[in-house]
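Chains as they are written, first to last, in the numbering used here: chain Y, 123 to 716; chain V, 289 to 661.
The hints are simulated quantities; they were obtained by calculation from the structure and are not laboratory data.
All values derive from a computational prediction rather than experimental measurement.
A portion of the hints provided could be inaccurate.
To be verified - In the DSS-like style, the derived pairs of lysine-lysine whose C-alpha atoms are separated by at most 27 angstroms in a straight line are:
#, chain 1, residue 1, chain 2, residue 2
1, V, LYS639, Y, LYS618
2, Y, LYS572, Y, LYS634
3, Y, LYS509, V, LYS441
4, Y, LYS655, Y, LYS406
5, V, LYS464, V, LYS645
6, V, LYS571, V, LYS441
7, Y, LYS550, V, LYS631
8, V, LYS441, V, LYS631
9, Y, LYS550, V, LYS639
10, V, LYS571, Y, LYS550
11, Y, LYS572, Y, LYS425
12, Y, LYS550, V, LYS441
13, Y, LYS383, Y, LYS406
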Amino acid sequence: MSTVITHPAADAVILGIGPMGGDVSVKLATAGIKTVGIERGPYWDYSLDYSHAKYDEWAIIYAHRFDGPLTQHTMTLRNDRTQMALPVRRYLGQAHGHGYGVGGATQHYGGQMGRYGPWVHQVLSSTVSRYGQAYLDSAVPNNDIQDWPYTYNDLVPYYKDWEMAWGVNGTDQQPFHPDSKFPMPAHPATPLGQLYNDTTLAMGYHPHPIPTSLASQPFVNQFGVQVNACVYDGWCSCNAFPCEVGAKANSAYRTVPAAIKSGNFDLRTYSYVFRLDTDPVTNKVTQARYYDAAGNVHIQPGKVFINAVQAHQIIRLMMISGIGSNYNPVTVSGTLGRGAVQTGGSPSRSATGTLALGANAYPAGNGQGGAFQFLDLADDNFDHTGKDYIGGSRVTVGAYVGSGPGGLSMAGAASANNIGSAYKASLKDRYLQTTTVLSLSPSGMFPPRKSDFIDLDPHYTDMYGDPLARQTMANNNNGTKCSNDQAPLYQAILQKMGATNITLGAPADATKPSQITSWSNHTRGGLRIGADKTLSVNNKWGEAWTAENLFAVGEGLVPVGDNTTTGGTHPVGAMAFLNADGIKKYLASPGPLV
Amino acid sequence: MSDRRQFIKLGVAAVGGAAVATAVAFPTLGNHSSQDSQVSSLQSQLDAVTSKVAGLQSQLTAANSQVTSLQGQLTTSGSQATALQSQIDAAKANAASLSSQLTSAQSQAAALQTQLTTANGQLAAANGQLTTANSNVNVLNQVASALLTLSQKEAAVVDAASQTIIPTDATGPGAKEAGVLFFIDKMLHGDYGKNGNMYNKGPFVQRGQTGPITVGGITYPGGTMAGNMSNGYGFHYAMTIRQFWRVGLESLDNYALATYGGSFASLASDKRAQALADLAGNKPTTASFNGVIPADFFFELFFMTWSGFQMDPMYGGNRGMVGWIHTAFNGLNTGNFYGEGLKVTDLMVAKTPTRLKPASLQQFQAKLGITGQ
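Generate coordinates for the entire structure from the input sequences, incorporating the hints supplied.
This is how it looks when you write it as structure tokens:
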């Protein structure tokens with residue numbers, strides 16, 4: 123029999139102790155704020171949970187043993203409003219599994235870092251002023267782009283604080299990202315990465331090592347948390363692999379330990395939050411309700427609530443709790459669920475060549491290190507006149523190549539042509555790479571549109587009977603137009619690198635949107651921050667316009683992100699520290715912060 | 289030898305005795321006329337004696353000659369005897385030495401015998417253990433090769449299909465040697481077959497419908513997204529993956545019979561490849577596959593066959609790590625598993641590849657001390 127258990131009120135209640143919920147916890151708890159953390163999964167111990175098991179590709183990649191069980195909840199997907207959305211029933215082919223446990227999805231991401239550049243904060247105003255509204259409307263029909271409520275420079279202090287906490291490594295990203303010296307040195311370069319760096323530098327670009335959060339050296343961060351360095355033993359790709367030495371940065375091994383040590387953080391694992399109750403008069407959130415593993419209902423009252431579950435789930439939780447105004451795509455009104463985008467994956471054009479450079483293709487190194495990139499062809503770092511797209515691309519080259527046999531694309535290779543000896547022979551000694559076939563595919567930006575949104579599914583429910591989140595989203599052609607335009611520039615780089623057999627693919631079809639049949643690891647928007655409460659869910663501090671004591675963190679807040687310049691975690695981390703300042707301001711002086 | 293020397297001395301004494309006896313027998317003198325006759329007689333006697341003396345002298349000479357000869361022989365014999373004695377002494381010394389060696393050898397032999405007895409005892413014990421171990425191995429082999437969920441008929445199709453997708457050929461072992469059949473069987477028996485970790489709630493609506501469709505009172509003119517089987521959006525069947533395989537295998541067998549004239553496993557390899565290609569191209573109808581889209585089933589066959597060739601041996605496939613040896617995958621060996629002394633930090637930035645002998649999870653965990661014993 124389930125019972126109802128009511129807990130004493132806390133100062134702050136954090137829903138979901140993923141990367142950002144965990145990062146907020148340290149800021150609040152170490153400031154003396156009594157904080158409760160509600161997390162649906164366990165607190166993984168990297169040495170005991172991962173050290174003997176992380177090399178098991180079947181369990182990790184295909185059975186997703188460390189990821190959120192889809193039996194609990196999933197999401198439904200469709201391209202447009204005429205379709206019925208169907209649920210993602212199975213873990214297969216997703217770039218990321220859903221987070222489960224302290225640290226969330228960053229337990230098993232690639233650790234790719236990178237700030238958003240100054241342009242990203244002002245895409246709308248910058249584009250309109252430089253190229254005109256007509257240019258923007260042609261480049262991204264039906265666009266729903268809004269400026270951020272603060273600038274790059276406003277975020278820099280938070281970037282620096284967060285980069286120390288997570289140990290971001292690399293060199294600075296001048297000239298495009300001012301004041302961006304990272305605290306840790308880059309990982310050792312691969313021969314291919316070095317060649318890309320040297321070649322593009324000679325061509326006048328501004329290459330640098332890819333920033334990562336995979337510890338390049340042991341260190342102790344500003345919260346006194348000791349961090350081990352990467353051991354470079356591979357099995358580190360973003361698909362699902364956790365790190366057995368804790369070098370893959372996430373809140374579980376960077377910030378939450380200090381929150382717990384403060385004595386002010388009460389972490390409740392295996393707790394599944396399902397409702398936020400509000401006061402009908404004040405519209406403030408009074409309590410959160412969650413299930414424990416035995417099915418008991420717990421009630422946790424508090425002064426302030428921080429919604430930090432996965433992006434789709436934040437929106438879902440607010441909708442099923444009746445907080446905020448749901449987006450209506452017909453009338454283009456309401457804000458909750460509006461402006462959702464994902465990482466990209468629009469059809470792209472490639473330039474391909476062969477380099478006389480061998481490598482070990484089996485697991486070694488880590489998920490992202492060793493590579494180089496440049497931002498000269500990204501954002502608005504070049505003149506877009508006559509281009510008919512916004513933003514640009516970034517192609518990262520030279521990451522440690524190693525991966526498990528799942529990386530052979532066994533699943534992706536299923537076709538009539540691959541039955542029998544010829545395909546088998548093509549994989550003979552596949553891991554001993556004597557040459558490098560380098561394919562450079564610029565992948566363009568995915569800007570928000572009025573047609574892409576998240577709401578509640580009318581057919582499918584989670585394991586407790588509450589509606590699932592439904593994603594209505596299709597790739598738009600902005601990215602494809604960019605890719606078609608820029609691929610020849612990457613062909614020129616291949617030539618300068620000394621590649622042979624260089625081919626330039628035909629332009630990709632930019633006339634129609636392509637399907638999105640997998641959830642993205644970086645769904646952005648849907649909970650956007652903004653200066654205008656009719657266009658955004660939250661003010662600049664992540665405080666809900668409709669419930670003054672409800673804050674949110676995470677990628678849902680991003681008004682416009684540029685998927686081509688960063689993995690996405692890095693800016694959201696800085697934002698979480700900014701949000702924590704807002705939460706502290708609120709507790710010191712309750713009321714709307716804007 | 290001493291007997292013969294004694295005999296020669298006795299012979300010499302006998303000759304000397306005869307001469308003395310002759311002198312003692314001489315007669316004394318009488319009257320003269322008669323002395324003459326006596327003289328004559330004496331002369332005659334003397335002559336006779338002289339003759340006898342001569343005879344005796346001759347005999348003495350002969351005897352002396354014999355003595356000399358015998359003396360020579362004796363000298364020779366003595367010399368020979370000395371030589372023989374020397375040989376005898378040497379032989380005796382050898383014998384003594386050999387006797388000593390024999391004693392020592394006998395002592396060693398006794399020690400060795402003891403050791404041999406001990407060793408034989410140990411061997412017998414080891415043989416006993418080996419027999420037990422062999423028996424256990426046989427049991428384990430039977431377990432590993434035993435089917436957990438597939439029927440005999442299903443197993444024949446899985447076996448033939450996996451060996452068609454990854455044949456045993458000039459490039460080395462294939463699905464057969466890797467035990468892909470047993471990987472698939474084991475997975476179908478576990479979470480994979482039971483939709484573990486999957487979202488299993490209805491309504492079950494197939495993807496790729498053109499519409500309009502009406503579900504739960506809502507009409508969708510656009511139908512559903514097409515997608516494909518290779519990602520998480522792909523599977524929309526109102527059955528477990530185990531049931532999906534059951535339907536797929538039976539349908540494939542029926543299709544083979546109807547189209548190629550024999551059960552799938554009975555077809556020649558090129559016909560089997562053609563039948564699988566037909567599935568990949570959705571040549572059979574979905575209706576003929578009892579609602580399963582044929583390409584969806586082909587996807588699972590292909591995906592699980594390669595997984596059985598490339599996933600860790602503990603899942604029942606990739607036996608002897610033949611799949612990893614084929615692709616030159618290293619498994620858990622990052623350069624020093626077998627004491628190669630290679631550094632992973634060198635391997636990750638190498639310009640030329642290095643083949644590593646693969647290691648399995650079982651080997652790795654045993655190194656950590658996780659043995660299950």
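- [ ] Check each numbered hint from earlier against the structure, then list the numbers of those it violates in ascending order.
- [x] 3, 8, 10, 11, 12, 13
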